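A.B. asks: Please construct the entire structure, taking both the sequences and the accompanying hints into account.
Each chain, letter by letter, is given below.
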Amino acid sequence: MIAIRQCSLACLRFTAKISVLCAASLCVLASAAPITVLVSDDGAANTAAARSFKETIEHLNARAQEVTIVTLEAANAANGAVLRDSTLVVSVGSAAARAAFANAGTYALLSIVIPKQVFQELQGQAGNGPRAHASAIYLDQPLGRQLNLIQAAFPGRRRAAVVLGSSWSSRALLTDLRGEAAQRGITIVSQVLGDGDGLFPALQKVLPESDLLLAVPDRTVLTPASARSVLVSAYRYQVPVVAFSENYVKAGAIIAVYSTPEQIGRQAAEMAAAFQDAGTLPTPHYPKYFSVAVNYQVARSLGMSLADEQTLHSQLAGMRE
Amino acid sequence: MRGHRVLVCALAAALAGAAHGAEDAAEQEFLREVPTVLTASRLLQPVSDAPVAVTVIDRATIEATGVRNITDLFRLVPGMYVRPGIGIEGIVPVVSYHGLTNEFARRMQVLIDGRSVYLPPFSTVLWDDLPLAIDDIDHIEVVRGPNAASYGANAYFGTINIVTRTPIGGEGAYARARLGSNGVRDVVLRHTDAQGPVDYRISAGHRADDGYPEQIDRQHHDFLTGEADLVLNNRDSLQAQIGYGAGLRQLGGTTDPVNRPRAKKVEDGHLQLRWQRAIAPHDELSFQYFYEQHSATESDHTLPLDLPGQGVQSYTLRADYRFDRHDVELVRTLEPRAELRLVLGAGARVDEIKAPIYFDGRPYLSSNLQRLFVHIEWRTTSALLLQAGGMLEHTSISGVDFSPRICATYHLSDDQSLRFSVSHATRTPSLFEAQGAFVLHFGSLADPIQQSGGQLQPEHIVSSAVGYHASALGGQFQTDLKVYRDHASHMIEETADPNAPYVFQPLTVLRNLNDARVRGAELEIHYQPSAQTRYLLAYANTTIDNSDPSQGRTMPRNLLSLLAEQRLGENWTAGAALYLNGRLPALTGVYGQLNDAALGYQGRIDAHLSRSFYTMGRKARLTFGVENLGSGFVEFRQATTFDRRGFIEGSIGL
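Going line by line, the protein sequences match chains A and B.
Position one of the first sequence corresponds to residue 1 (my numbering), numbered consecutively onward.
Position one of the second sequence corresponds to residue 1001 (my numbering), numbered consecutively onward.
Note that these hints are calculated values from the structure, not bench results.
Remember, predicted model here, so these are calculated numbers, not experimental data.
Glycine included, C-beta positions come from ideal geometry on N, C-alpha and C.
Only true hints are included.
The following label-pair restraints were derived from C-beta to C-beta distances:
(1) A:Thr187 - B:Ala1228: 35 to 45 Å
(2) A:Ser314 - B:Ile1376: 30 to 40 Å
(3) B:Leu1384 - A:Ser166: 50 to 60 Å
C.D. replies: Below, the structure written as structure tokens:
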């Protein structure tokens, strides 16, 4: 699978169209720039992160004119020349990260809008090569922060259900989750889905024994289609769902802690400005800025009263992760 | 074979390319939109916020009762009286709130997933004919009080809202069978699954029993229902439901020369389509269409009769009927501000009736209605919730009516609330009440049985209620108390017309005759001290002052229900219920000839023991139980005495 992926990436670079397609207002091709923001595509999140990056760095730093924003497609069209001439590449999205990892340039790399698992895979493949010291701001929230949210929003609830896939990374996540939860007096009631295991039987086992369900971003478990099952099943058992994105809260989860692309772009700009001064990047880490979203209709329907989003945010900011 | 393998490889490579795109969009896990699932209409309003008293019978409660008839569940609703009615439909269950009913529960709305099954031409619900398995019910919301502002005219004393289990999150296949004394033979099969964006459920069932001892009321019923929930995109979803049921019900008397033993064939079908759009979070638009059809076929072959001018001969009396209902409704639910919630709606309905025997030979009648409604919830402070609503309806039977309601809920604390409500509702005369003429024809001799007095006005009710809801011990203990006063006026009842010629019994005429004042108190307590134990108590004290004292026997003054469930260890569960009905006076007035004396307290105790286990990797349950441990439980009349009934039931999730 990894071999196929690398092959496809190489193909992508060599067969890219000659025409330069620009993301609206983002694409400024320059011959050389110390900082290049490489955007996977002109999707809303990537655009927002890149825009926030640009605005923040302009605000922070007089050398903002040295920032170039380029889409992956445009960079491929120029055979990646813009990357090779950079001192720092900020990749936005997983596709851009893959390309930035694969390029032979000597730049430092900061990957944003990327799940932790994807970044760690890329880093593992890079070995001791030029990208060995690549940094990232993950899209994921630290487990400690999610568990802090449970403590802050539902002080009486101490049994959290989790359904995960059986991959190595899912199992590792479960081990970490148990450790973090134990420190907070929270019990994790888990079910691991093997190949061919149904989601419903797993939910039926954990939900009656839990007082909330912690949704984790595991593609083998949670898809837009299965999200309906998870939200409806949990509601049937009157179990609130703690999620990891604002969209899940809109769909019916009770609460989520998440970072917006704007918040991540802002943090990346702060790191880039520090890089311009010091020439080094910190190790990969979780986002510093975050938001809390609450679905008060769902809360009311479950007979729960929750503090307002701002209060919960302040509480989380003051807790140790 | 080799060729196949090459093709598979090529496909795998193509799919890997496609999957690669998905890999690169791994961050979409965090960023993408998810279909809005818990829409405003799917979210239950907490009982403590409800504008009037609401009793929710959830899945766990349904299972704790162990009953096989949906109607028995309403014994757990304070103020609701469940009893058999004997009439033209045979012996059928009648569910009423605050009494004031005959064999037709005319004064209550009943909905299944928003589809009204309160049917013309008699304005009643034929519970046994509904294609609906008790297993498929997710929960039942009983709105105890007039609620025309939300559910339209005919939500007069109350509304029963049955919500079936959504196929979303389907659990695969399920089967249940019950074998019991009294000829009870029930089977339910269900399959729930998903195919791409469609979640669906198919259920089929068979129900049979011998009815009451010494009565001709054996029946059996088969049904098939289906529901599909289709996600069109992140905002739009489409739900479709379809159902068909057919059965045979015996009716008639053994000694009556005219009302002979016979079987009535009933058929009931529906189609319901609902489109929902989540315009924004908490802003939803839905459009619903449903079609409901009910028909009955019966032939009564009389004994040879010697009637004036006819000679001695027997007659065949046909009482076939069929009706069709089409209904559309558009509803917008929105929250323009965090503290303000609005529901706006419009709807229209057409009813078509073919029941010549009940309309003096007229082959076809129809009626229609149009409605506009609004409901406003304003959370003025975190403690005070004001709710107001109104329904403007036009019907071809009684013209324009407006039904308003206002309510205030004051949260004394997080756990206690007080509510005050005043509500007005109307009940449109049924088509039979407005235009009916039930006439039996013996050759050239006509025998009018019952007919409309003509020019009937809608019935009105004004209900004022004070309620108190409290929750304690972290929600383990919940109680709701309601004290109320209802004034029902222009009530349509029957009165004998001694001057009209008749053959067997005097003609009765339907007119706006009575006023009734109902007052009382109702208490509901749920106590769940642990996950192993649950208790439920429902008590009602109801006093009815009817302007016609002969209509005094419609429900007992005292009704008490107790339900207890206890898990015993890992696998065993015991459940017991007591249903206690208070005294009833003797039947008088037009029912006087029924000769039913006063009744004392009547109690029924049900008990069952279940064992859950896994067999072949499937969750299964075996239940042994008894309905009515005691001797005869006289239900409303001596003729309908419920005997002791044992059963064994097995279910398995396949």
